[in-house]
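Trainee: Sequence:
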Amino acid sequence: MNDQANIRKLLEEGLPQFIQGQFGEALFQYLLLLNKWNSAYNLTAIRKPEEMVTKHIFDSLAILPWVQGQRLIDVGTGAGLPGVVLAIAKPDSQFVLLDSNGKKIRFLQEVKRQLSLNNIEIVQSRVENFHPALGFDTVISRAFSTLEQMLHWTQHLIRPDGIWLAMKGRYPDTELETIHQPYTVESYTVAGIDGERCCVLIKNTIKE
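When we follow our numbering, the leftmost residue of the sequence shown carries the number 988, and every step to the right adds one.
Where hints are given, some of them may not hold.
As the list claims (entries may be wrong) - Straight-line distance between alpha carbons at most 25 Å, and here's what the computed PhoX-like set of lysine-lysine pairs gives:
hint: 1; residue 1: K996; residue 2: K1023
hint: 2; residue 1: K1099; residue 2: K1077
hint: 3; residue 1: K1023; residue 2: K1090
hint: 4; residue 1: K1155; residue 2: K1190
hint: 5; residue 1: K1155; residue 2: K1035
hint: 6; residue 1: K1035; residue 2: K1023
hint: 7; residue 1: K1035; residue 2: K1090
hint: 8; residue 1: K1077; residue 2: K1155
hint: 9; residue 1: K1099; residue 2: K1042
hint: 10; residue 1: K1042; residue 2: K1090
hint: 11; residue 1: K1042; residue 2: K1155
hint: 12; residue 1: K996; residue 2: K1042
hint: 13; residue 1: K1090; residue 2: K1190
hint: 14; residue 1: K1035; residue 2: K1099
hint: 15; residue 1: K1042; residue 2: K1023
hint: 16; residue 1: K1077; residue 2: K1042
hint: 17; residue 1: K996; residue 2: K1035
hint: 18; residue 1: K1077; residue 2: K1190
hint: 19; residue 1: K996; residue 2: K1090
Unchecked claim - Estimated spans, in silico, between C-beta atoms of each pair:
hint: 20; residue 1: R1157; residue 2: Q1136; range: 15 to 23 Å
hint: 21; residue 1: R1157; residue 2: L1019; range: 28 to 36 Å
hint: 22; residue 1: Q1016; residue 2: T1192; range: 34 to 42 Å
hint: 23; residue 1: R1157; residue 2: A1032; range: 14 to 22 Å
hint: 24; residue 1: A992; residue 2: A1120; range: 42 to 50 Å
Hints are computed from structural coordinates only; laboratory data are not their basis. Even glycine gets a Cβ: it sits at the ideal position worked out from N, Cα and C.
Construct the entire structure; sequences and hints are all you get.
Mentor: Structural data, given as structure tokens:
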């Protein structure tokens, strides 16, 4: 990363629109690790650190208003997006980061170690094989699957009063036609990201 000062400046200027507090340094260190490991592990298609700030950090933070509860899971977390970013921003909440890809899991373990993120648990597993003792208040998906598939594969993970948060690009008309639970769609914008962004909030109506 050639211009670390510029990355710090982008974070410093952009973070206040999403969150208040001293989280910039941890997010900066996460970006350094992501950029370093990306060249060998191909963690993300985004190569420029400046774009990582907007398309990864700020896009992840944009869903904070809809995250609920103290126990959360990021399904198909990949490089920890949005899970690591949200865990940094919500240090009093507990996060499980779930992925089946061994390289990404090793990266996340290094992130947890170097940033001392004691509020995250990293699990290497396919979602259908992961059966935790307790359900989750919020089940988050950024690029896991369609809404219908997400609900099908993660129903066993959610609490009776929990919610799903699915991060999407444009309004997912066709996908919404396939689900039967009550939902709302929250549109949002992130400076530096062209095109539509939205978060689909789905309430769990299947009681145990």
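Trainee: Could you run down the list of hints and mark each one as holding or not?
Mentor: Status of each hint after checking the structure:
no. : hint                      : verdict
1   : K996 / K1023              : holds, 19 Å
2   : K1099 / K1077             : holds, 15 Å
3   : K1023 / K1090             : holds, 14 Å
4   : K1155 / K1190             : holds, 17 Å
5   : K1155 / K1035             : holds, 22 Å
6   : K1035 / K1023             : holds, 11 Å
7   : K1035 / K1090             : holds, 21 Å
8   : K1077 / K1155             : holds, 22 Å
9   : K1099 / K1042             : holds, 21 Å
10  : K1042 / K1090             : holds, 22 Å
11  : K1042 / K1155             : holds, 13 Å
12  : K996 / K1042              : holds, 16 Å
13  : K1090 / K1190             : violated, 33 Å
14  : K1035 / K1099             : holds, 23 Å
15  : K1042 / K1023             : holds, 17 Å
16  : K1077 / K1042             : holds, 20 Å
17  : K996 / K1035              : holds, 15 Å
18  : K1077 / K1190             : holds, 22 Å
19  : K996 / K1090              : violated, 30 Å
20  : R1157 / Q1136: 15 to 23 Å : holds, 18 Å
21  : R1157 / L1019: 28 to 36 Å : holds, 32 Å
22  : Q1016 / T1192: 34 to 42 Å : holds, 40 Å
23  : R1157 / A1032: 14 to 22 Å : holds, 19 Å
24  : A992 / A1120: 42 to 50 Å  : holds, 46 Å
In terms of the numbered hints stated before, the structure departs from hints 13 and 19, listed from lowest to highest.
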